[in-house]
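Produce the entire structure from the sequences given, and follow the hints as far as they go.
Protein sequence lines correspond, in order, to chains A and X.
Position one of the first sequence corresponds to residue 1 (our numbering), numbered consecutively onward.
Position one of the second sequence corresponds to residue 1 (our numbering), numbered consecutively onward.
You can trust all of the hints, since none of them are fake.
Sample of chain X residues lacking proximity to chain A, with all beta carbon distances greater than 12 Å (derived):
1. Leu81
2. Ala151
3. Arg300
The following label-pair restraints were derived from C-beta to C-beta distances:
4. X:Pro310 with A:Phe309: 57 to 67 Å
5. A:Ala25 with X:Arg109: 25 to 35 Å
6. X:Val309 with A:Leu318: 49 to 59 Å
7. A:Pro17 with X:Gly186: 23 to 33 Å
Hints are computed from structural coordinates only; laboratory data are not their basis.
Glycine included, C-beta positions come from ideal geometry on N, C-alpha and C.
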Amino acid sequence: MTPILEARGLRKLFPLPPARPRGLAGLFARGTPRRLHAVDEVSFALERGGALGLVGDSGCGKSTLAQMLARLIEPTAGAVLLQGRDITAVPAAAFARSPDRRRIQMVFQDATDALNPHDSVFRAIADPARRLLPGLSAQALRALVHDTAARVHLPPGLLGRYPHQLSGGQRARVGIARAIVVSPEVLILDEPTSALDVSVQAVILKLLHRLRAETGMTYVFVSHDLNVVRMLCDRVLVMYLGRLVEEGPVDAVFRSPRHPYTAALIDAIPQFGRPSARREGLEGEPQSPVNPSPAMCRLAGRCRHEGAFCRRAMPDLLPAGAAHRAACFHPLGG
Amino acid sequence: MSAAPLLEVRELSLAFRTRGGTVRALDRVSLTLGPGETLGIVGESGSGKSVLAYAVMGLQDRAGRLTGGAVLWRGRRIDRLGEAALRRLRGPEMAMIFQSPRAALNPIRRIGDQLADVLRAHRPLGRAAARAEAAAMLAQVRIPDPAARLAAYPFELSGGMCQRVMIALALACAPALLIADEPTTGLDVTTQAAIMDLLRGLARGRGMATILITHDLGLAAAHCDRIAVMHAGQLVETGPTAAVFAAPLHPYARALARSVPGPETTLATLETVPGSLPDLSAPDLPACRYAGRCPQAQPRCRTEAPPAVPGAAGQVARCWNPGP
Chain A
1 MTPILEARGL RKLFPLPPAR PRGLAGLFAR GTPRRLHAVD EVSFALERGG ALGLVGDSGC
61 GKSTLAQMLA RLIEPTAGAV LLQGRDITAV PAAAFARSPD RRRIQMVFQD ATDALNPHDS
121 VFRAIADPAR RLLPGLSAQA LRALVHDTAA RVHLPPGLLG RYPHQLSGGQ RARVGIARAI
181 VVSPEVLILD EPTSALDVSV QAVILKLLHR LRAETGMTYV FVSHDLNVVR MLCDRVLVMY
241 LGRLVEEGPV DAVFRSPRHP YTAALIDAIP QFGRPSARRE GLEGEPQSPV NPSPAMCRLA
301 GRCRHEGAFC RRAMPDLLPA GAAHRAACFH PLGG
Chain X
1 MSAAPLLEVR ELSLAFRTRG GTVRALDRVS LTLGPGETLG IVGESGSGKS VLAYAVMGLQ
61 DRAGRLTGGA VLWRGRRIDR LGEAALRRLR GPEMAMIFQS PRAALNPIRR IGDQLADVLR
121 AHRPLGRAAA RAEAAAMLAQ VRIPDPAARL AAYPFELSGG MCQRVMIALA LACAPALLIA
181 DEPTTGLDVT TQAAIMDLLR GLARGRGMAT ILITHDLGLA AAHCDRIAVM HAGQLVETGP
241 TAAVFAAPLH PYARALARSV PGPETTLATL ETVPGSLPDL SAPDLPACRY AGRCPQAQPR
301 CRTEAPPAVP GAAGQVARCW NPGP
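Pasting the structure below:
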């Protein structure tokens, strides 16, 4: 079966001002070009109806990857395939008017920033439907907005309010409603609960789970909270400094992580009754994401399992179990 | 408790006067902290955790006013001290680290100068001696190559490194109490673990008491001896960490503990806290401010202040109808 969403060798490099020598010489030197490698050679495929978690420290490129998948920013190289069709063939700006725009939608991190403060809740939800579902009568639009609001448990009385009059949880619901109002097939969620209190987060997670069960939507769920990913997703993708370091079924990755970075990430989850006896802590500071060496593992220098090869070549993603891949010369538990 | 407590907060109430009315941010909060103890204050945003910590340090802004109760430091009242007396207390006795380390550091001064400022404000040190001491402090918070980092500006350091510098600043005068207000929010999970290990190690080594303010219950559970749960400006439950998490008595503490995703939690067992925080400027706040959200609320929850009910494992809840 054709995967619903596929990434092939996705890269995003952000150019930085070139490094020039200090002083007068700097005015005449051309300087070394510098590029920040936000996402580097990421490939994976996602089956219809699945839920993929995307985890990693901030700056690992997970949000950049999510925005490329949602076709909001242009990749430097590589392609995104929606049901086998290359949607990166169309420029991002033109994609906004393509019929495929409706099929892949995104929920943003902080609903407070993502909502226009001048738009009422009704307008915020109606706007994507107006643009992406042409030919909708005013009456049908009204019904659709009311129906969508009901599906995310937003009382109809709130539809006339403005974002500042809503609680954090209500704003998160509006953010979800405006993404699902056009019945997308793929929903990219970028840390949808990280701005919320745990008590509210629990409600939103249950809502997201129910929506997926009802509609069969495919989720890509970006989060730094591994416990949340474990609950909501069936597969997980672990990123470190732009590279995909491990991918596999949630249970397998959590039970027996193969990449030392994944192990450190799981070990760092604060847990009652297990304070500081960490087995897999990382040492030191991460490498710079600017012009990183292409022939070296990005975790080198922080990893306790480092061997002679780790600074000579970039490890490939290799099978590490059923539907489980890891990019490490010294995989754990192997 | 045998030894005199280091810090005692007695029935402390605090209100903010705003255009929208008087916000009663703290309502008769009581707690004690012994030397070397680690206390976690948890609750939703808006529950008054930070306000309480600021009040202890005497840092509340001008709109805030203590309306009752007392704060005792080593048995002596400090809630009425003037700014000069408070200043002598802050640093050698109690210190604080904040949520966004980069914002709390001066962006246009070198790290070394900022550390030296603090040292020289409290101790008669020369320039060279202060510099050497500053480098030693950076080494203590495990910053690699400390002598070179003295010349760095905050923007040249990562978030985790800035928080290490903040910790070094706070510990410069070897305080007996460190208040850490969401010290790892905004940091990565792996960095968070390293910072918390560092804080714990330093606190143990120095016998320093710590108050950890956090909305992350998992973090508090992993790192604190005792937990205080706050809701809408009221302290609803305190006790040993294990007791508060495993056998909470107060319905809010129970709901909160079960709303945290743990390694065994599934969406089916994940609980939610009903309703939302009440408006603290409302004139008719119920006596127990959780009454409007509580599935077990009784009529008297709204009219009479709930009693302190002790539990079997040392926890104490303020509730008319505490659960098992």
